[in-house]
Amino acid sequence: MASLEEMHFFVEVVKHGNFTSAAHALGISKQLVSRRIIALEARLGVRLLLRTTRKLSPTETGKVFFQRAQQILQAIHDAELEISNRSDELRGLLKISVPLSYANLRLAPALTAFMQQHPLVDVWLDADNRHVDMISEGYDMVIRVTDQPEEGMVARKLEDAAMRYCCSPDYIARYGVPTSPQSLSKHACLTHRASEWLFSENDQIHRIPIQARLKSNHGEVLRDAAVAGLGITGLPAFYVLEDLQQGRLVEVLAEYRMQRAGIYAMYPYHKQVSANALALIEHLRHWFQATAA
1001 MASLEEMHFF
1011 VEVVKHGNFT
1021 SAAHALGISK
1031 QLVSRRIIAL
1041 EARLGVRLLL
1051 RTTRKLSPTE
1061 TGKVFFQRAQ
1071 QILQAIHDAE
1081 LEISNRSDEL
1091 RGLLKISVPL
1101 SYANLRLAPA
1111 LTAFMQQHPL
1121 VDVWLDADNR
1131 HVDMISEGYD
1141 MVIRVTDQPE
1151 EGMVARKLED
1161 AAMRYCCSPD
1171 YIARYGVPTS
1181 PQSLSKHACL
1191 THRASEWLFS
1201 ENDQIHRIPI
1211 QARLKSNHGE
1221 VLRDAAVAGL
1231 GITGLPAFYV
1241 LEDLQQGRLV
1251 EVLAEYRMQR
1261 AGIYAMYPYH
1271 KQVSANALAL
1281 IEHLRHWFQA
1291 TAA
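Following the working numbering, the numbering of the sequence shown begins with 1001 at its first residue and continues without gaps.
Check before you lean on any hint, since a few could be wrong.
[As the list claims (entries may be wrong)] For lysine-lysine, the following DSBU-like pairs were computed, each having C-alpha atoms within a straight-line distance of at most 35 Å:
no., residue 1, residue 2
1, K1186, K1095
2, K1030, K1063
3, K1063, K1157
4, K1157, K1095
Quick caveat, the hints were computed from the structure, so don't treat them as lab data. Note that the structure is a prediction, hence the values are computed from the model and not measured.
Using the sequences plus the hints, can you model the full thing?
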């Protein structure tokens, strides 16, 4: 039976693609990592890694073991932190990096409620769109909008961020509802810098060219323009949830919605996450589930 330490080493090797980077992340020697992986393969009686001069990659059996090992390690990690959270009152500094618009539109009330529940926790919230270095800058966790969490990071999904295409009821009254992605050529569109929008139908991705009436790198500008009836916009869900709930916007083409993107709380796999960070992640997951559209 593989030990937890061997599982940990194997997971890091697969994530990094070589022994050197994995050893650096683990803070141990390359030789020790290599010996433990060889011992693991011998004990299991199977080859887990394909070795070339450039990189390592998992075999089909190795891919299965990698997924199961990740699940086991994460479950143990979460169980230990849950117990530590129950044994002591949360206290100390929690440093977080989060995109600016998300901090304003979704995070602020949830974070306020968390701090009210845990009066001994201090928070340093860095609301900025830059890509921070968690280790060197001392962040406990980052929150990101992405469809593919970074390698080497534990990623916990907080809520959906799939693109929602919507417009005002007044716009629909004047111009009608688009019946398919292709019919967008007949509508005024309000978009980010992208020149095409992506839709899904029967597991096929459709790339629809967009002639935009308004282009902006500011999601709230696009949302406000849609509410004002200027056209159809496509934005991550958190920008428009409240407007959809209040009837200021109406979603269109929902049956073609891409489901890939999400809001993730992330921290490095090899870094001991604080009890404060884990408690906040669970608080946010429940908060957003209760307020989802």
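Comparing the hints with the structure gives:
no.: 1; hint: K1186 with K1095; result: violated, 47 Å
no.: 2; hint: K1030 with K1063; result: holds, 22 Å
no.: 3; hint: K1063 with K1157; result: holds, 22 Å
no.: 4; hint: K1157 with K1095; result: holds, 19 Å
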